[in-house]
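S.K.: So you can see what is in the structure, the chains are spelled out below.
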Amino acid sequence: MDISQDYFSCYGLPCDFAVDLAVLRQSHRRLQQQHHPDRFVSQPDSEQRRAVQITAYLNQAYATLLEPLKRGIYLLQLQGMDPLAPNNTQMPMDFLLQQIELRESLEDMPRAQDPEAEIDVMTSRLQLQASQLENEFAQAYGSSDFEIAEKTVRKLQFIVKLQQQLDALEGALLD
Amino acid sequence: MALLQIAEPGQSAKPHQRKLAVGIDLGTTHSLVASVRSGQAETLPNSRGEHLLPSVVRYLADELPQVGVKAQAHLVDDAANTVMSVKRLMGRGIEDVKRLGENMPYLFEACDQGMPLINTVSGLKSPVQVSADILRALVQRGESSLGGELVGAVITVPAYFDDAQRQATKDAAQLAGIQVLRLLNEPTAAAVAYGLEQDQQEHGTIAVFDLGGGTFDISILRMEQGVFEVLATGGDSALGGDDFDHALAEWMHQERQIPAKLDLAQQRFLLRLARAGKELLSDLQSTQLSFEGWPGTEAYADLELTREQMNLLLDPIIGKAIRATKRTLRDAKVTPDDVARIVMVGGSTRSLRVQERVAELFQQQPLTDIDPDRVVALGAARQADVLAGNQSGEELLLLDVLPLSLGLETMGGLVERVIDRNTPIPVARAQEFTTYQDGQTAMSIHVLQGERELVQDCRSLSRFELRGIPAMTAGAAKIRVTFQVDADGLLEVSARELTSGVAASVQVKPSYGLSDVQIADMIKASWTNVEDDRSARSLREQQVEADRLVEAVTMALAEDGERLLTSQEQQAIVNQMEQLVLARNGQDHHAIAKQIEVMAKASDAYAAMRMDDSIKRALAGKSVDQL
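If you read the protein sequences in the order shown, they are chains U and L.
Quick note: the first sequence uses my numbering, first residue 2, plus one each step.
Quick note: the second sequence uses my numbering, first residue 2, plus one each step.
Everything labelled a hint here was simulated from the structure, so no lab data went into it.
All values derive from a computational prediction rather than experimental measurement.
Cut-off 20 Å, straight-line C-alpha distance, at most; resulting in silico cross-link-like pairs (EDC-like, lysine to aspartate or glutamate):
#1 Lys-334(L) - Asp-121(U)
#2 Lys-334(L) - Glu-171(U)
#3 Lys-71(U) - Asp-332(L)
#4 Lys-162(U) - Asp-421(L)
#5 Lys-162(U) - Asp-332(L)
#6 Lys-602(L) - Glu-546(L)
#7 Lys-479(L) - Glu-433(L)
#8 Lys-327(L) - Glu-361(L)
#9 Lys-171(L) - Asp-46(U)
#10 Lys-327(L) - Asp-168(U)
#11 Lys-334(L) - Asp-168(U)
#12 Lys-162(U) - Glu-68(U)
#13 Lys-327(L) - Asp-121(U)
#14 Lys-327(L) - Glu-171(U)
Please take these sequences and the hints and turn them into a complete structure.
M.R.: Okay, structure coming up:
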């Protein structure tokens, strides 16, 4: 098992934004079966250490390919880009305004009459936005327009962060 | 003439002969050893037919220690030398133990290694040694039942055990001379015990609901084609069947208007009555609780306890477990409908009300056919059989997750998370850090475990230093810190300065671990204190920023303040700096941010002057073509 190859190759997947999750899941499980440290319990230490390294690599690869945001960022990194660079913060004004508005309604939510209903509305709104951005990314990446792809993935990151905050809020309201 | 084959002692004569391996449930109150024989996992009894070994060790002056029932008999008359519930002490520091101390009749002595030592007639004993004595008894039982030497054991640990507690458990096994095939999380073991993976058609999500006497754990697993994957774990380490007994006892206390002050014997009486009533109501709809034999002068009439009344008393407690379950389902990103099977573990899941409430949440009956006290040991035995190499083909594989987030201390007492809770293990993650001051040549690496944002609220696992970093300006050095967690959940940390290659690493052998309650509290607090943390974080960030600015300006003034500024200009800057220090020592991050801005403005002109000056000096005496 070569742990210097890219994550797509290790699962025998094409290096593309569209990933067959069923194939990914199955290959991951098969490779874990083969390389997990539990398979090397009676082997020398060096074999066991290697097994830990390989499965750690596989876990990282799997987590990256499973989530569209991480997958997008990774694809751009393979192109030598760094979408997460801290100086990379320019966003279009209309998108920023929309984010501020969403964030404000998130902050008001705990005091709303029916917070759960509002959470549901916002979740579906974010999901719609996320899937639109994922489509945009797939298109831009497919036509090698990496600048656009990078802008899209950074927008997607905003949406995913917002969704995480929404999840945290929902969790807090459950108690 | 054929030569006889003689095998090395300890090696088997026939390579295909079955290797002997056991599963061990090293529990707080009792322990079990189990093994697979003729394809069936079974717990192994002692010569008197008892399966449960009380996790109690009694130390004697000139004899070997007593373990189990024999030791248990002396809990009262030889309390100081008879150690129980040692699992609570594993991987803990003296501070943690002091908190538990009220209920523990032992003489503790602090020790450099971190874990406290218990002073017994046979000398100082560490919790690791006590656990090793229990393990030895279990291994002996295993070897005499199975008729041979064991190749190793799978030992179970609670899913929420942190690195220190896992390491201590592994150390105990080593001390007892047992090869640890794997440390296995208890819920995973329970799921394995039901053999759900054997039916190839069977796949889906499994919930393991573990309600013991004093703790509650919930784990969500996914099982597919022989692979068990832990998706999330959660729970409440201060919730269990003991709370049921206390609620019932409290109710009797009120119903019969017993005076508020109870002595120990009276408390025990009520608790015993509560337990008896609870057990009777498994079969009956109502029962009479008799106060006959009450240890006091008053006489109380019998009290009727109906199932409805009991349910009313238990529901708030069970409700807590149900809420924790819902939360963990969310962490695992599944709904109750997605769950295909529910495995029940722990004696308190015998309560019908618990089973009802669980069935109500998941809209299906939980699995209860395996004894909830033995199910963990049975699963461990199956895993031991696989790891010893006794099974071939489609093998069982168990993939676990990290129970608590791991991180590093950064400036201002903040924790930078490196690996999140519930990340599948093994895992390796690297994070880059840089120096804070010009010319900094060493960096202290502080490894923490927990869910909160401030260092003081997380558990310190280890500290080590990376020395010999070449002197550079602040922010120029690149220090990569790598965390690696193996399949047992044990951590190793290394650090390397990338431009010079200077390296340091440490196998994290923490001096103490987290207390159960602390873990639960830490996880809970990370949810309830998100707001707190956020403003605390902003405060620290602003403080760090303020310190940086004050330091830079102070150094600049010392260097060339006299030369470039009038004394009035110098005084103006110093005044603003004093204001900033005042704000920095306060609690209001907005005020600090504001003063940073004012201060930056006040020193802007000076900074520009310095820049010009340094350019002039650099150019001084050089002609244009030299540049």
